[in-house]
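Visitor: The primary structure of each chain is shown beneath.
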Amino acid sequence: MTRMTCEQLDEVSAELALGVLSGSERALALEHLQGCASCRAEVEQLASIGDALLELVPPAEPPLGFENRVAALLHERAETPVPRRWARGMVAVVAAACLAVGGWTLGAFTHGPATPATLASSQLVQGTTQVGQLFVYRGHPAWIYMAVDTGSGSGWVTCVLTTKAGTTLRLGTFRLVNGDGYWGAPIATDPSQIDGARLEWANGGTAATAVVHA
Amino acid sequence: MGDALSDDGLLAGLALGEAQATAAFIRRFQRQVFGVALSFVGDPVNAEDVAQQAFERAWRHARMYDPRRGSVQAWLLTITRNCAIDQLRSRRRVTSESWEVTGELESVTRGPEDEAVAEDSARALRRALRDLPAEQARALFLAAFRGLTSPEIAETEGIPLGTAKTRIRAAMLKLRAALPAPEVES
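As given, the protein sequences belong to chains A and B, one line each in that order.
For the first sequence, the positions run 842 to 1055 when my numbering is used.
For the second sequence, the positions run 108 to 293 when my numbering is used.
Just so you know, not all the hints are guaranteed correct.
[To be verified] If you want the footprint, here are the derived chain B segments under chain A, 3+ residues with CB under 8 angstroms:
(1) 178-187
(2) 228-241
(3) 250-264
Hints in this document: simulated from the structure, not taken from any laboratory.
Here a beta-carbon is modelled for each residue, glycine too, at the ideal position from N, C-alpha and C.
Go ahead and model the full structure; you've got the sequences and the hints to work with.
Guide: Structure (structure tokens):
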């Protein structure tokens, strides 16, 4: 995969705005949007139409007791506080992880603090073929986000980071469906010390690797 | 008491974990949220799962809401769509089935009985949807209200991938052309 041009972004902008662009194209589109204000404006405009369409869907009566079940769920979640550090990280991660779906969350990216100076991107590859994009945000907190489409294979993969000191860090797992998936998480390690990442299948095989220059 | 609060007020109460505001927030938006969830995932059991996740995600990220970018309802329904697409991605989708679109597309374009009081933009959007060529309307419906990707639409409709992409894009551009220009926030 090569970098996306404005013309190519234009071809997928509607799908990106509706949140239905698949992993590899989404990664390339997001990479392009980082540095192209006019395309960002175009996608945001289309995304606002996508958001408005949702308000046309006829309301439907949820099953009996739904309100109480949701209230109980929120109460239960509130009783188990999220660790403070993780909670702060989640704001950035959610902002990143939802980039491609809708004007709201797109806005969190395009208007947020992440700039090319603080957001580094690297190619996820299988051999010499690009299969996705990996983003490292060098802010506080730092986070990592990736979109990948290897074309085949479904199951859980683990994101393993390697550092310049030679250590490895198993950051977390997420699911690929037919090779397609995206995921993000905060990182406790200094981003400048990360020099690589790989996605490992549960059986130990490698789904993708990246050389990181963060 | 919470039912008298504005949408923004209820969201603030939700963020603070205030019980009455939380209950009122759920009560106010549950039918819209469930409607969108049902539209995407197609069955009530999975729709309830999606709707619950949407409210939980809204609760966790209520502080990210920015009123300059739209209404609380628009924000919440976008979250619902994201949850629905996440769920659809995690289970194998049957794309060979024939999607019955016509009737449901009508339900979206027909609008509420009190169309006269609907906002101008919603009226214009419905009209623009009704005016789309049938094949573009189908492609847009499957993407915007079912969460299908362009390859899935191509497979379902028996058309080339490029045609599916073109139809989605052409439909969105026509909707944009039919709507009043949005106010630009700086």
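Visitor: Counting residues of the segment 228-241 of chain B with a beta carbon closer than 8 angstroms to any beta carbon of chain A, are there 3 or more?
Guide: n = 5 at 8 angstroms, threshold three: holds.
Visitor: Taking a Cβ-Cβ distance under 8 angstroms as contact, does the segment 178-187 of chain B have three or more residues in contact with chain A?
Guide: Since 7 is at least three, the answer is holds.
Visitor: Please verify the coverage claim for the segment 250-264 of chain B: does it have three or more residues whose C-beta sits within 8 angstroms of some C-beta in chain A?
Guide: holds (count 8)
When each numbered hint is compared with the structure, no violation occurs for any of them.
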